[in-house]
Amino acid sequence: MRLQGIAAFALATAISTGCASAGGADLSVFDWSGYEDPGFFASYMAKYGNEAPSYSYFGSQEEAFTKLMSGFTADLAHPCSDAVRKWVAADLIKPLDESKLTNWADMLPEIREVDGIVLDGKLYMLPFEWGNTGLIYRTDKIAADAVSLQLLADPAYAGKIAIPDAASSAYALASLATGNGADYTNLSDEQFKEASDFLRAIHPNMRFYWSDAGQLDQAMTSGEIEMGWAWNQSELNLIWNEVPAAMMRDVDKGIATWVCGYVHLKSSTTPDEQVYDLLNALTDPVSGQYIIDNWGYPHSNAKAFEMADQANIEAYGFSDPKSFFEGSLFFDAVTPELEAKMLAEFERIKAGF
Amino acid sequence: MFKPRSEAARGYALSSPATAYVGFLVAAPLVILITYSFWTQTYVTLDKTPTLGNYRAALSDPLVHHLMLRSIWIAGAVTLATVVLAYPIAYFIAMKARRKTIWLLLITIPFWSSYLLRVFAWKLILGFNGVMNSALLGLGLIDEPLDFLLYNEFAVVLTLAHAWAPFAILPIYVSLQKIDPSLLEAATDLGNSPLQRFLRVTLPLTVPGIIAASLIIFVPTVGDYVTPALVGGSDGKMIANLIQVQFGAANNWPLGATLSLLAMMSVGFVAIVFVIAGRGLGGRIR
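If you read the sequences in order, they're chains A and B. Residue numbering for the first sequence follows the working numbering, starting at 1 and increasing by one per position. Residue numbering for the second sequence follows the working numbering, starting at 1 and increasing by one per position.
No lab work stands behind these hints: they were computed from the structure. Virtual Cβ for every residue (Gly too), placed ideally from N, Cα, C. Where hints are given, some of them may not hold.
For lysine-lysine, the following DSS-like pairs were computed, each having C-alpha atoms within a straight-line distance of at most 27 Å [as the list claims (entries may be wrong)]:
1) A/LYS266 / B/LYS48
2) A/LYS341 / B/LYS48
3) A/LYS86 / A/LYS193
4) A/LYS86 / B/LYS123
5) B/LYS96 / A/LYS141
6) B/LYS178 / B/LYS96
7) A/LYS94 / A/LYS47
8) A/LYS253 / A/LYS322
9) A/LYS141 / A/LYS193
10) B/LYS178 / A/LYS67
Away from chain A, derived, C-beta distances all over 10 Å, residues of chain B [as the list claims (entries may be wrong)]:
11) VAL31
12) THR49
13) PRO62
14) GLY76
15) LYS100
16) LEU139
17) TYR151
18) PHE198
19) LEU242
20) ALA250
21) ASN251
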């Protein structure tokens, strides 16, 4: 046994030194924590001597933006489509070369054209994972045909609801609830007022504005709240904990979709070849299957959906990606003036003004 | 002639590390903050033309007034609650306890865990299915969980009062410890009851300790943002939460800098008034 172990070790060392043209860890990635999961980039590991890229983390896109603006450097970063326009405007990222992206042809056709991934005809973000932001409700307390976004304003649910402490997400909800979801990124003054009025109307019912998803998950589990505007990750946690809860996945009643992916930072110093090796590993169908089956997140590669466990896809609610891409509100960058207005107004609404 | 100069030189040498530290880590950031407060941010561009626009906008905004007053109110309530609860403990340790070191050590035990952990511990205690509600439900005193325990100003005051307790106990303990026992004996000999003795001798002599404790608690509490963010719910937000939004999501550092400076000025003003009033009160009791 021992000899075998030593032999295996020697072999592994020989293979790794033989293949490694550069150290895998030379590549630095600025990411959300958790995405350093080696299952996401197995083919990169295989090529670079079983060495993973170096990861550093951010807790929110705003934090990432602030850090990058003050001089933090990395090769790749992982924002979502709504932030890309601002990052481009701040001259932080450079366009990607489609011809070097080996899995580009296999991406979900709709995801390739999402605004914010492509800006002014240039590809800035390679989509990796996506999902929904929607209304999660306790199925034992509220019937599926009775639930709606407007129910959040019902005085019967005083102290029983929660929404994120984030202006963009709150206004996405409000735009959908007031029938202006399609104009979310460019609301007129009147539409903006309707959305603000909706948020004011639901404020008295608010138990809290959640800042971390765990807070919402626990409150849903205990029954402290019965409805919450949240990510599909929360729905997964509730499913896995056997809480009777579901996300209202009806595009006509209102649901939003987000896409996140990798961008190539201008401060990148690692050779492009290695950068694209990681990008190609991340979008590999095997990585996609891994994230679907183990994380419950839908991936950007269409082939991954064929390889993954169909029961999982059904249970996690994305058996029909096309419906979300066509019928739901997309988290694209809102115009800068509107974004500033949303932030200022949301602070007022939260303070009861 | 030679000796005083050398003493002065030694004094400067001894204080220079602290001076450099304060210079780099307090004065320099403060200068940056003041500079930023006169600039303007639009989307990703920073306009460096000096302007008072941020101050005008902040001072005329009812939201800023509201959050500032609430922060001062909450900090005041926290200070009062902490000092009132800490005084008897400090009194016990200074006057009655036999193993003072052990008692002081015990008091600092909560500080061995992270501040954030203590805030989360209060969430577990006050939560919807938390310790308190489970106990009350189990005892049959209530039919459904109380929801006014968490996510309001009360929860913020309670959490902070617990977190700050040692900071109040220690200065008050020191000032109690310094009281000459012969003064208390003299008061008894002159016919004072224990209550009179406390009010006329002990309390006035500990006013410096009370003032120190109050300032140590009040000043950082006004600027606290983690506690209100975690247990404050929808009506427990404070000025620091608004400042954090400016430096984060809103990406408007100039306005954030202005709000920070205004908060510092308000805190400074309240603290000075408090110190003057405290001194006056201490003198009057005597």
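Outcome of the hint check:
Taken as a hint, the A/LYS266 and B/LYS48 pair is honoured in the structure, with Cα atoms around 25 Å apart against an allowance of 27 Å. Distance restraint check for A/LYS341 and B/LYS48: the Cα-Cα separation of roughly 22 Å lies within the 27 Å cut-off, and the hinted pair is therefore satisfied. Restraint check: the Cα-Cα separation between A/LYS86 and A/LYS193 comes to about 24 Å, which is no more than 27 Å; the hinted pair holds. Between the alpha carbons of A/LYS86 and B/LYS123 the distance comes to roughly 36 Å, so the proposed pair goes past 27 Å and is violated.
As the CA atoms of B/LYS96 and A/LYS141 are separated by approximately 57 Å, the hinted pair breaks the 27 Å bound. The straight-line distance between the Cα atoms of B/LYS178 and B/LYS96 is roughly 14 Å, inside the 27 Å bound, and the hint therefore holds. For a cut-off of 27 Å, the pair hint linking A/LYS94 to A/LYS47 stands: about 25 Å separates their Cα positions. At most 27 Å may separate the alpha-carbon atoms for a hinted pair to count; A/LYS253 and A/LYS322 meet this at roughly 17 Å.
Annotation: proposed proximity of A/LYS141 to A/LYS193 is violated, straight-line Cα distance about 32 Å (limit 27 Å). Taking the CA atoms of B/LYS178 and A/LYS67, the gap is near 49 Å; set against the 27 Å cutoff, the hint is violated. The beta carbon of B/VAL31 sits about 17 Å from the closest Cβ of chain A, which is more than 10 Å, so the claim that it is off the interface holds. Its beta-carbon lying about 19 Å from the closest one in chain A, B/THR49 satisfies the requirement of being farther than 10 Å from that chain.
With 10 Å as the threshold on Cβ separation, the claim that B/PRO62 sits away from chain A is violated: the shortest Cβ distance comes to roughly 7 Å. Every CB of chain A lies more than 10 Å from the CB of B/GLY76, the least distance being 19 Å, so the non-interface label holds. For B/LYS100, the shortest C-beta to C-beta distance to chain A comes to about 41 Å, beyond the 10 Å cut-off, and the non-interface label holds. B/LEU139, annotated as away from the interface, keeps every beta carbon of chain A farther than 10 Å; the closest lies near 19 Å.
With a minimum CB-CB distance of about 5 Å to chain A, B/TYR151 fails to clear the 10 Å threshold, and the non-interface call is violated. The beta carbon of B/PHE198 sits about 43 Å from the closest Cβ of chain A, which is more than 10 Å, so the claim that it is off the interface holds. The beta carbon of B/LEU242 sits about 6 Å from the closest Cβ of chain A, which is not more than 10 Å, so the claim that it is off the interface is violated. Against the 10 Å criterion, B/ALA250 falls within the reach of chain A, whose nearest CB is about 5 Å from its own CB.
Against the 10 Å criterion, B/ASN251 falls within the reach of chain A, whose nearest CB is about 7 Å from its own CB.
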